[in-house]
Amino acid sequence: MAAGKPVVMVTLVSSDGQSFQLLEEAALLSAMVRDTIQIGQGRGPAGIPIRNITGQTLSMVVVYCNKHYTAAAAADGDDAADEEKKVANKKQLREWDEQFINLEQDKLYDILVAANNLGIDGLVDLCCWRFADMMKGKSASEIRVKLGIRDDFTSEQRAQIEKDSPWVWSRTT
Amino acid sequence: MEPPPPPPQVAKMNLSSPSSRPPPPKVARMTLSSPPPPPLPPSLVSMSGDTCDPQDGVCDRISELPSNILCSILFLLPIKEAGRTTTLSTRWRQVFVYSPVDLDDEKVSKRRLAGRPSEITANANRVAVITRIVAAHRGPICRVRLAKTRFHGDGDNTYGGVGLATDLFVGRNVEELILHSTHSVQFFPADRLRSLHLIGCAWFPSQPPAATFSRIKELTLRGVKISEPDLHALMEQCPMLEDLTLSSYHEEGRRGSMHHEQVDIARFLVRSNSLRNLSLELCSLAELVVVDAPNLEHLLGITIPHQRNRCAVILAHAPKLQNLGCLCTHFNLLFYKTYRIEGTDVLLPVARPPIRSMKILSVRVNLWDLGRLGGLARAAAWPGEASWSTMVRRCGVTDGLADSAVAVGQLMGSDTARSAQGGVVRR
Chain A
0 MAAGKPVVMV TLVSSDGQSF QLLEEAALLS AMVRDTIQIG QGRGPAGIPI
50 RNITGQTLSM VVVYCNKHYT AAAAADGDDA ADEEKKVANK KQLREWDEQF
100 INLEQDKLYD ILVAANNLGI DGLVDLCCWR FADMMKGKSA SEIRVKLGIR
150 DDFTSEQRAQ IEKDSPWVWS RTT
Chain B
0 MEPPPPPPQV AKMNLSSPSS RPPPPKVARM TLSSPPPPPL PPSLVSMSGD
50 TCDPQDGVCD RISELPSNIL CSILFLLPIK EAGRTTTLST RWRQVFVYSP
100 VDLDDEKVSK RRLAGRPSEI TANANRVAVI TRIVAAHRGP ICRVRLAKTR
150 FHGDGDNTYG GVGLATDLFV GRNVEELILH STHSVQFFPA DRLRSLHLIG
200 CAWFPSQPPA ATFSRIKELT LRGVKISEPD LHALMEQCPM LEDLTLSSYH
250 EEGRRGSMHH EQVDIARFLV RSNSLRNLSL ELCSLAELVV VDAPNLEHLL
300 GITIPHQRNR CAVILAHAPK LQNLGCLCTH FNLLFYKTYR IEGTDVLLPV
350 ARPPIRSMKI LSVRVNLWDL GRLGGLARAA AWPGEASWST MVRRCGVTDG
400 LADSAVAVGQ LMGSDTARSA QGGVVRR
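Residue numbers (numbering that gives the first Met the number 0), protein chains in the order written: chain A, 0 to 172; chain B, 0 to 426.
Quick caveat, the hints were computed from the structure, so don't treat them as lab data. The reader is advised that the hints may include incorrect statements.
Derived SDA-like pairs (lysine to any residue); straight-line CA-CA distance at most 25 angstroms [unchecked claim]:
| id | chain 1 | residue 1 | chain 2 | residue 2 |
| --- | --- | --- | --- | --- |
| 1 | A | K135 | B | K216 |
| 2 | A | K90 | B | E241 |
| 3 | B | K106 | A | L27 |
| 4 | A | K85 | B | S194 |
| 5 | B | K216 | B | N276 |
All of these numbers come straight from a predicted model, not from anything done at the bench.
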């Protein structure tokens, strides 16, 4: 991005009081931060309080924002139409994403909820992709065990489903 | 056996849900005002989903996620697996019905074709299944791929006139439409459509509804029988078109053998304000005239490797053209300019190429023709400031290029030359 621009930092404060400093441009990946700054708040030393997101989760989100901001800035930097390089960079970023999101489920939920509240679309999509990946190729009961989903159908409902759509019980497509 | 129907009657099921069910999760929007579920105490967080008792209800965090997120997750699954989530719990039963889906006729009915029924029965089955799915599903149908199913009223009665109703997808927010091996195409108004791929369609309707193409950005016609006037009319219907691929070839079946379709387009006049990438693989093409394409950056595939066609390329107005290829040694690249004489646009030849934006020019030559390259540079009458050096490399492509090489005119420096190699191969 423009080299002459002054470096502006913003501070995000988690629900348990930890603060994280990052480049404003990186923080702008979040729609929530964007809105806050647009109405003229959040630039002060007090920072932007992020409710309901703990420091542990927020630190991961900040890592994601920094990485994606850096990648986008680098892509903007060499505007030469070097398609090969662009494709390679994209692939690299995708690999980084996959590595980054390879987390245990509880952290994944925290990050997904945080990303949704902060309005970071890329991170929401990434988490969704990870969950879909966990569900792919599994039967309903396997998914239930894997994700801890409660089966709350009554026996009548269950019989009805079985009658209406026998195919849903089969595992293979 | 019944075809797989999507789960019906969601509302009824919810009324009879047991009292032990946890309260329905609130749908959190992307604002601060609606907080996410409170963080769990550390003792519970450490328990992984695999080991926790599903009865205690705490670990079922996925079901507490907002509906829009669950819908996004379902969209990433194959439709059948997404449909299967309706048996997880009452909450998931509601999610699928409103989630966006990706409809692919090969995936929808694969299992039913196991016994190899006749194509007439199979087609009727597919039509029935797809019709039922579309009727029962309430969410948007973002992507539709029809590889085998026919549309109703396509003028072919081999299948007893059984086919999908044309208006089935109207108003269903179709964004991407892929029609493969459909004997003929019946378009429907789709104001959100941004990508259309037609592969191996025997004919193209001469007057498709304008509402289909108004927002389209990507258009691919492979082995589609379209006439010259229809193609030009189609271009005018696509005011937002950015990527256009026209090809005489298309892959057939799983093994991917290439088929060649006779597409009679000898002359193609390009007039588009939005077009950025144009890719052509038309054996019949004899003349390509870029009349007015202010945003055209890549113009590729003019020569087909094993065809000895000679296509004349006339560039009148393409001020942003960066990448031009692949031409043959006998190429006929002409530079024209549009002049307005007595109210009509007339193309007149100009002596010097007006395109300074050009970064890559790729030319195919026979190895014994290498001597021509110097002459080629002169023939191109390139501006003096560009240094012309030649780079020749054998192409490992399997399509009979052994006797040929690809020459790349390096105009801007070594970086460009490197990417030029990629440009040639990518074609």
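Right, here's what the structure says about each hint:
For a cut-off of 25 angstroms, the pair hint linking K135 (chain A) to K216 (chain B) is broken: about 31 angstroms separates their Cα positions. Between K90 (chain A) and E241 (chain B) the alpha-carbon distance is near 23 angstroms, which keeps this suggested pair within the 25 angstroms criterion. At most 25 angstroms may separate the alpha-carbon atoms for a hinted pair to count; K106 (chain B) and L27 (chain A) exceed this at roughly 40 angstroms. For the proposed pair K85 (chain A) and S194 (chain B), the alpha carbon gap of about 22 angstroms is at most 25 angstroms, so the pair holds.
Our distance criterion of 25 angstroms between C-alpha atoms is met by K216 (chain B) and N276 (chain B), whose separation comes to about 11 angstroms.
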